[in-house]
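Student: Under full-length UniProt numbering, the final residue of the sequence shown carries the number 681; numbering is consecutive throughout.
Wrong hints could be hidden among the right ones.
Unchecked claim - Think about it this way: if two alpha-carbon atoms lie no more than 25 angstroms apart in a straight line, the pair counts; the simulated DSS-like pairs of lysine-lysine are: (1) K531 / K505; (2) K284 / K241; (3) K467 / K659; (4) K63 / K460; (5) K33 / K133; (6) K305 / K467; (7) K542 / K598; (8) K133 / K60; (9) K166 / K467; (10) K460 / K531; (11) K107 / K63; (12) K659 / K624.
Please keep in mind that the hints were generated in silico from the structure rather than gathered at the bench. Remember, predicted model here, so these are calculated numbers, not experimental data.
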Amino acid sequence: MVYWYRYQENQTNRIQGQQTVTQSVLIYPDNIKYSDDSFYGIGTITDTGKQIMVYGSDAKRVKRYSKPIIMNVSGVVQPFDEARNFNQFDAKEYYESMSVYSRLTVKQLNSVEVQHRFSIIDSLHYLRMLMLKYTNQLPHPLNLYASSLFLGVMDNSFNDELSGVKTLGLIHLFSISGLHVFYIVNLLKMILGLFRVTREKTRWATLIFLPTYFVIAGSSIGLMRSILTVEIGIIALMLKKRLTSLDVFSITLMANLLIDPEMLLQFGSQLSYALAFGLIYTNKMRPLKQTVMMNLVSLPFIIYKLFQWHALTMLANYLVIPIFSALIMPMILIAVITYPIAGWFSSVVAFILNSFDAAVNWLGALPGQINFGKPNLYVATLLLIMTLVVIDKVSFKRVSLLLCMYLITFMYIHYPLQGEVSFFDVGQGDSILIREPFNHSITMIDTGGKLQFGRRQNSKVTYQAEKTSINYLKSIGINHLDNLVLSHQDADHTGDVPAILADLKVDRIIVGDGLQNNPSIMRKISPYLNKTKLVLIKANQKLPDFPFNIYHPFESGLGKNEDSVVLGTIQGNRSWLFMGDLPSSGENDIMHKYPMLKADYLKLGHHGSDTSSSDAFLKFIHPKVSIISAGRNNRYHHPSVATLERLKDNNLAYVNTQKLGMISYKYGLLGNHWIFKLQGE
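Turn these sequences into a full structure, and let the hints guide you.
Tutor: Rendered as structure tokens:
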């Protein structure tokens, strides 16, 4: 009932389209994140009280404040973009689960002033900001540990430096939850005990302090669950009511749903409650057995959301958790508190943490990363239920059944009955996946990408392929490519090559002859040539284990549009033709060289621009469906009106990533059909 009410309320908060506005937004500096000269964070519109994500470019002006600020801004408000590729992180879904329905891009920061009204929440956020500034002064990496463990802040530097923590599934140690609340509550009891405060007053102090700590520590879902659990337990003691662990869990879940009905839509919340439930039934097990069972509880969530799991995760948790609980946490707490009077101790702790990081990162780099892929939701649910059955009573038969379920799921993902031809939505660019049934052959044509205009020299390069194509490949169990074809030099086709080569095993990089003389391309691929092979091709050349006909280029070139690689293939008893960015002059050459060439499905050249897809070529190929890969609102206005008119005049159907998001054609034993990310089948 509560969820239905909140759902109906949320429908009224959604906006349609863009709106140009001038409005005031209250935002807490401790919730603001910075990237080069830009900032972003969730704020509250002062007139309506609605939350909104704010993006701005004047970071220096905002960064000087510690107290809550009110920004008067002029800008554009619009809804979040939904995920445009299958299995891509959905920002719209994520933020709506937090009751944030729109984003504000600041065009003009009119004024910034400190919020002068007094409120406890504002004061707590100010205190948190001061604590963040304090932790930033600590020796590295103690500063990262302190801000994540006690204030709930994990920025990009944390993810970069402690990559092994994420790989080995140890991130829960840094996500403020039960372990941290346990330490805080016991520290509070110890302090009050020194002043001979009675047990009754200590309980009242704990009840009052924990909501305060909830704000200071970042207000995460896992923290809310832990605090509610402790508070419900204390209230039961004060009322002299006996509650079992399952009673406390159930009341906590109900209370959390009343406070935030949508919280169970978040991955972190689902995992937190699943692990808490698992702990109830494993708390009497031996440590090793409990570690195994708790990892089994988390596994369906991990592979469904993250697609990967490291074989050393269980061992790492078994070894690291006791060390972290008994040594690392207390050591960090003491170092943080004593830093002003004993800086030497903080330096010693920082040195120990450096060694700890190195050990964890080394362990995470060992072979054992299993790219499981994403199981069907119903399958993941069955795996979780079967895991709980095993925990209820461990037996050889039950464990064997669970292992068989995982094995069958793994085989189904990695040896699919269907093949596919998929066109990723990479914005203004091309990236295409062609994989045959049972993954007999896996080829990617182009990677997408963009020119890194205006990027600071020392700033980190980001690749959209990490969120689009690579993420999708991992979700379908692919961690290697047989062939990576680069059609030509342009950044919107090859800009994300480094990300693909760094993240996936690639057997061959296939390029048009002459592209090896292009310094821009070679800078991208040279660092990886020790683990892949560069293959040069021309028209009519035959390559072993390459399920394509090569129709272009006829001559060597440096990779300009007119040098584009053009490939044809038969997939699902349908003929396909991929044109790269080949202009009309190249199309004329192909018509002359291959007078019998036809294709059922044609990927239009150059994103549907007026310089490609001539009327003569469209009549010559006469495809059943043409595919256009172009970005929304791109500055080139692709596809051109003239091209669309030519398609219409020739009665040719077309699909466009601009409108439909990622486009996939699935074929095989289960039939042939198109799937569009934004419109289903």
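Student: Work down the list of hints and note, for each, if the structure agrees.
Tutor: Going down the list of hints, with the structure as the test:
no.	hint	result
1	K531 / K505	holds (8 angstroms)
2	K284 / K241	holds (23 angstroms)
3	K467 / K659	holds (19 angstroms)
4	K63 / K460	holds (21 angstroms)
5	K33 / K133	holds (14 angstroms)
6	K305 / K467	holds (13 angstroms)
7	K542 / K598	holds (19 angstroms)
8	K133 / K60	holds (16 angstroms)
9	K166 / K467	holds (17 angstroms)
10	K460 / K531	holds (24 angstroms)
11	K107 / K63	holds (18 angstroms)
12	K659 / K624	holds (19 angstroms)
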